[in-house]
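Colleague: On the provided structure of chain A, position chain B as indicated by the hints.
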Amino acid sequence: MLVIERMTRSPVTITGEATVKQALALVEEQKIRHLPVVDAEGVLVGILSEKDLLRAPGDHLVGDVMTCDVITVTEYTALEEAARIMADQRVSSLPVMRNGKRVGIITETNLFRLFLDLLGGRERGLRLTMLVPEEKGVLASVTGEIAAMGGDILALSTFTGEDPTNRIVTVKVSDVPSEKLIAIMEALGMEIVDVREA
Amino acid sequence: MLVRERMSANPVTIAVDAPITEALRVMRQSQVRRLPVLDDEGKMVGIVSEKDLLYASPSPVTSLSIYEMHYLLSQLRVAELMTTDVIPVRPDIPLEEAARIMVDSKIGGLPVMEGGELVGIITETDIFKVFLELLGARDKGLRLTLGFPDRKGAVARITTAIAQLGGNILALGTFLGDDPTTGIATIKIEDVPTDTLLAAMRDLDLEILDVREIE
Chain A
93 MLVIERMTRS PVTITGEATV KQALALVEEQ KIRHLPVVDA EGVLVGILSE KDLLRAPGDH
153 LVGDVMTCDV ITVTEYTALE EAARIMADQR VSSLPVMRNG KRVGIITETN LFRLFLDLLG
213 GRERGLRLTM LVPEEKGVLA SVTGEIAAMG GDILALSTFT GEDPTNRIVT VKVSDVPSEK
273 LIAIMEALGM EIVDVREA
Chain B
5 MLVRERMSAN PVTIAVDAPI TEALRVMRQS QVRRLPVLDD EGKMVGIVSE KDLLYASPSP
65 VTSLSIYEMH YLLSQLRVAE LMTTDVIPVR PDIPLEEAAR IMVDSKIGGL PVMEGGELVG
125 IITETDIFKV FLELLGARDK GLRLTLGFPD RKGAVARITT AIAQLGGNIL ALGTFLGDDP
185 TTGIATIKIE DVPTDTLLAA MRDLDLEILD VREIE
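Here the protein sequences line up with chains A and B, keeping their order.
93 is the number of the first residue of the first sequence in the numbering used here; add one for each residue after it.
5 is the number of the first residue of the second sequence in the numbering used here; add one for each residue after it.
Note that these hints are calculated values from the structure, not bench results.
Glycine residues also receive a C-beta, built at the ideal position from the N, C-alpha and C atoms.
Be aware that a few hints might be false.
[Claimed, not checked] Computed footprint of chain A on chain B, listed as stretches where at least three residues anywhere in the stretch have a Cβ under 8 Å from a Cβ of chain A: (1) 49 to 59; (2) 89 to 103; (3) 137 to 147; (4) 175 to 187.
Next up, chain B with everything else stripped away, as it sits in the complex:
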């Protein structure tokens, strides 16, 4: 799964000299939380987020009237509040690489660039949706979490045993265990009785961490 497959292509943008009232309006209208900022030549020069704008808005506790406040806001330009320190990514990098950059840099969205052109934006929300798919959050079935002491070959043993029982694997995800040689797998399965499955897993010396039926 690459960034290209899950990014929003042709994202809504804002001009660097637009007033922030305009940026807020565009965000609300398009239901997005960040806008890439373009200069006169259409080159990306920064990103502005709803939070940047909200933090900049004068607190309503000030003695300013609503008209004065609106005037002040309309004088403030996107250029003054945008983040210029953006981390662009290419559309052909893996999604987890984009996720790693977001976590490490504590940012919620990355512009996607190809050949110097802005081609999309990838956000935490886009990645979050993939995460749901990954663990089959919307599928019904038997959900099993297993701990395996020795990682090498473990996934093969688990999936082979399930196949031999006639089970269908709806989703499978593996996690790191407490140390690098161990692992945890969460699997969603249909077409196999719970007792039979658990017995087979115990025969493989796997630790059954959790079992539940998801309806």
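With the rest of the complex left out, here is chain A:
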């Protein structure tokens, strides 16, 4: 999954000559939390968050209170790389550039929706969380057994475990009885942490 698949295209922008008050009105009207700032030619010169605007005096100019050091990504940046940049740099949005031209914006909210997809947050099924040994081939045996039972994997994700020797796997499955699935996973040596219909 790349930025291009989840970014917001042609985001609303403002110029540096607008006042903070005008920018706030725009943020409220458009229900957005980030406002890229552009010059007369449409070139990106800064960015403002709703909070930056709330903290600044209303009669100041956008150009005087914006963040000029804008961190950007390209359309082909991996989404988790965009997420890592946001977490490390403590920013909640990144303008998306192509050859120096602005083509969109990717925000925490865009990424948040992706997280829902990843864990199958909107699908119904049997949700199983297991602590599995950190060994080559473990995921193959887990998913192979589910497939052999005729189960359909709706979502599967891996997380860091309790220590480097194990990891956590959350899987959402349909078309397979819960007792049978648990018995087979336990027979494979997986530690069942949680089971639920979700």
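Modeller: Coordinates of chain B only, in the frame set by chain A:
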């Protein structure tokens, strides 16, 4: 992964009759953006966010002097600005369920309650950190995005092929495809040459959407 594992336990709280200047000070000191609000008996009666407080602060363009403004703010109580319409969740619900509630209700944080007691708070930021782990954003390796036309059994075929090549899967996440029978998987792998891996994936009739080396 349940809310319990990623929530902030024993969150910083504020009294319902505290002035908002005090709430702002507590937020800055504790570096949090929202505070559960407690009444005299320690019962949670609402949540107040930094944004609620910032929107309420008089605009500095007013003709008020800084002293008058500070006085006005100190007279305003948390009770007047808090959100009472909060959605509490239990610590044993899945994280993605908490994420779904946040997205659907457009709120950034949920109080976590157990047996009528406030035991924690779970925020967008907490969930965001899990997301990084999930796609192995901090691991080096070969990153592959695959589209599979038929979902059933696809993850098993992919992981088995990688295991047979001696590859180690560092992270794996699946997404919905354009329709419910198709899917997309992003995988981070080490210990397997790129060409060998791609050939094996093509043999499985998988569509290679993206390949990159992450260092």
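Colleague: Now look at each hint and say whether the structure bears it out.
Modeller: Going through the hints against the structure:
no.	hint	in the structure
1	49 to 59	holds (count 4)
2	89 to 103	holds (count 5)
3	137 to 147	holds (count 7)
4	175 to 187	holds (count 6)
Checked against the numbered hints given earlier, this structure breaks none of them.
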